Amino acid sequence: MFKMKSKQIKFFILIKILLVIDQITKAIIVSNKESFPKEVIRGVLDFTYCENRGIAFGFASGHVRLFSIVTLIILAIIVIAVFKKFDKLSKLQSVGIAMLISGGIGNFIDRAFRSYVVDFIDFGKIINFPIFNIADIYVVCGVIIIGISFFIDNRSGDIDKNNR
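First residue of the sequence shown? That's 533 in the numbering used here, and the numbers climb one at a time after it.
It is possible that part of the hints are untrue.
Said to hold, decoys possible - Below are the SDA-like pairs computed for lysine to any residue, each with C-alpha atoms no more than 20 Å apart in a straight line:
1. Lys565 x Pro662
2. Lys537 x Ile547
3. Lys620 x Ile678
4. Lys657 x Phe568
5. Lys620 x Gly679
6. Lys623 x Pro662
7. Lys657 x Ile669
8. Lys620 x Ile676
9. Lys537 x Lys616
10. Lys657 x Tyr581
11. Lys539 x Asp685
12. Lys623 x Ile545
13. Lys623 x Ile680
14. Lys539 x Ala613
15. Lys623 x Asn686
16. Lys565 x Phe579
17. Lys616 x Phe544
18. Lys535 x Lys617
19. Lys548 x Leu598
20. Lys620 x Phe568
21. Lys535 x Phe618
22. Lys570 x Phe655
23. Lys623 x Lys565
Hints were generated in silico from the structure; no laboratory data involved.
Values in this document were obtained by computation on a predicted structure and should not be read as measured data.
Work out the full structure, taking the sequences as your base and the hints as a guide.
Have a look at this one:
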């Protein structure tokens, strides 16, 4: 039987917490969709109910099943790769990967059960940018954190080599 280590348990707990936050925010938005758009920060941030039937920024709308299958395959590859090298991951890499997985699962759940992704964060008054959600934030921040962590780890490895 497979026994998880403390680091792995914390990893899965973080994924679950992030996923719950994403799903709760979407449930609140969906249950109150008639009251949107709603100004949150005057001239800066609105909550605007939006059904995204495509992928990023609504691209390729109408292919929900295909995106669901692709998402599952990508998530499976990430999880398998992570567990093959889990002990070698830094804490920062683990957090970034947990965010990436949480965001992917959060939007997958929407596609699987609603046939669209619930988006609601709207900065349209200050920048021309698509409406997005918490899961999207997780994916973007996760990728940034992973990138930064590899840069930091490689830099510290170079420093260690020079000090030998």
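Structure-based check of all given hints:
At most 20 Å may separate the alpha-carbon atoms for a hinted pair to count; Lys565 and Pro662 meet this at roughly 18 Å. Distance check on the hinted pair: Lys537 and Ile547 sit about 16 Å apart at the alpha-carbon level, within 20 Å; holds. For the given pair, Lys620 sits about 14 Å from Ile678 by alpha-carbon distance, which is consistent with the 20 Å threshold. In summary, the hint linking Lys657 to Phe568 is supported, as the alpha carbons are separated by about 15 Å, within the 20 Å threshold.
Annotation: proposed proximity of Lys620 to Gly679 holds, straight-line Cα distance about 16 Å (limit 20 Å). A C-alpha spacing of about 31 Å is found between Lys623 and Pro662, which places the hinted pair above 20 Å, so the restraint is violated. The hinted pair formed by Lys657 and Ile669 meets the criterion: a straight-line CA distance of about 19 Å does not exceed 20 Å. Restraint check: the Cα-Cα separation between Lys620 and Ile676 comes to about 19 Å, which is no more than 20 Å; the hinted pair holds.
Distance restraint check for Lys537 and Lys616: the Cα-Cα separation of roughly 14 Å lies within the 20 Å cut-off, and the hinted pair is therefore satisfied. A C-alpha spacing of about 15 Å is found between Lys657 and Tyr581, which places the hinted pair at or below 20 Å, so the restraint holds. Proximity of Lys539 to Asp685 is assessed by CA-CA distance (about 19 Å); at most 20 Å being required, the pair is judged to hold. With a C-alpha separation of about 14 Å, the suggested pairing of Lys623 with Ile545 holds against the 20 Å cut-off.
For the proposed pair Lys623 and Ile680, the alpha carbon gap of about 12 Å is at most 20 Å, so the pair holds. With a CA separation close to 16 Å, the supplied pair Lys539 and Ala613 stays within the 20 Å bound. Taking the CA atoms of Lys623 and Asn686, the gap is about 15 Å. The hint holds against a cut of 20 Å. With a C-alpha separation of about 10 Å, the suggested pair Lys565 and Phe579 falls inside the 20 Å cut-off, and the hint holds.
A threshold of 20 Å between alpha carbons decides the hint, and for Lys616 with Phe544 the separation of about 16 Å falls inside it, so the pair holds. Taken as a hint, the Lys535 and Lys617 pair is honoured in the structure, with Cα atoms around 16 Å apart against an allowance of 20 Å. Proposed proximity of Lys548 and Leu598 is contradicted: the alpha carbons are some 25 Å apart, above 20 Å. Proposed proximity of Lys620 and Phe568 is contradicted: the alpha carbons are some 45 Å apart, above 20 Å.
For the hint pairing Lys535 with Phe618, the CA-to-CA distance comes to about 14 Å; that is within 20 Å, so the pair holds. Distance hint between Lys570 and Phe655 is fulfilled; the C-alpha atoms sit about 12 Å from each other, no more than 20 Å. Between Lys623 and Lys565 the alpha-carbon distance is near 38 Å, which puts this suggested pair outside the 20 Å criterion.
The structure fails to meet hints 6, 19, 20, 23 from the earlier list, while all remaining hints are met.
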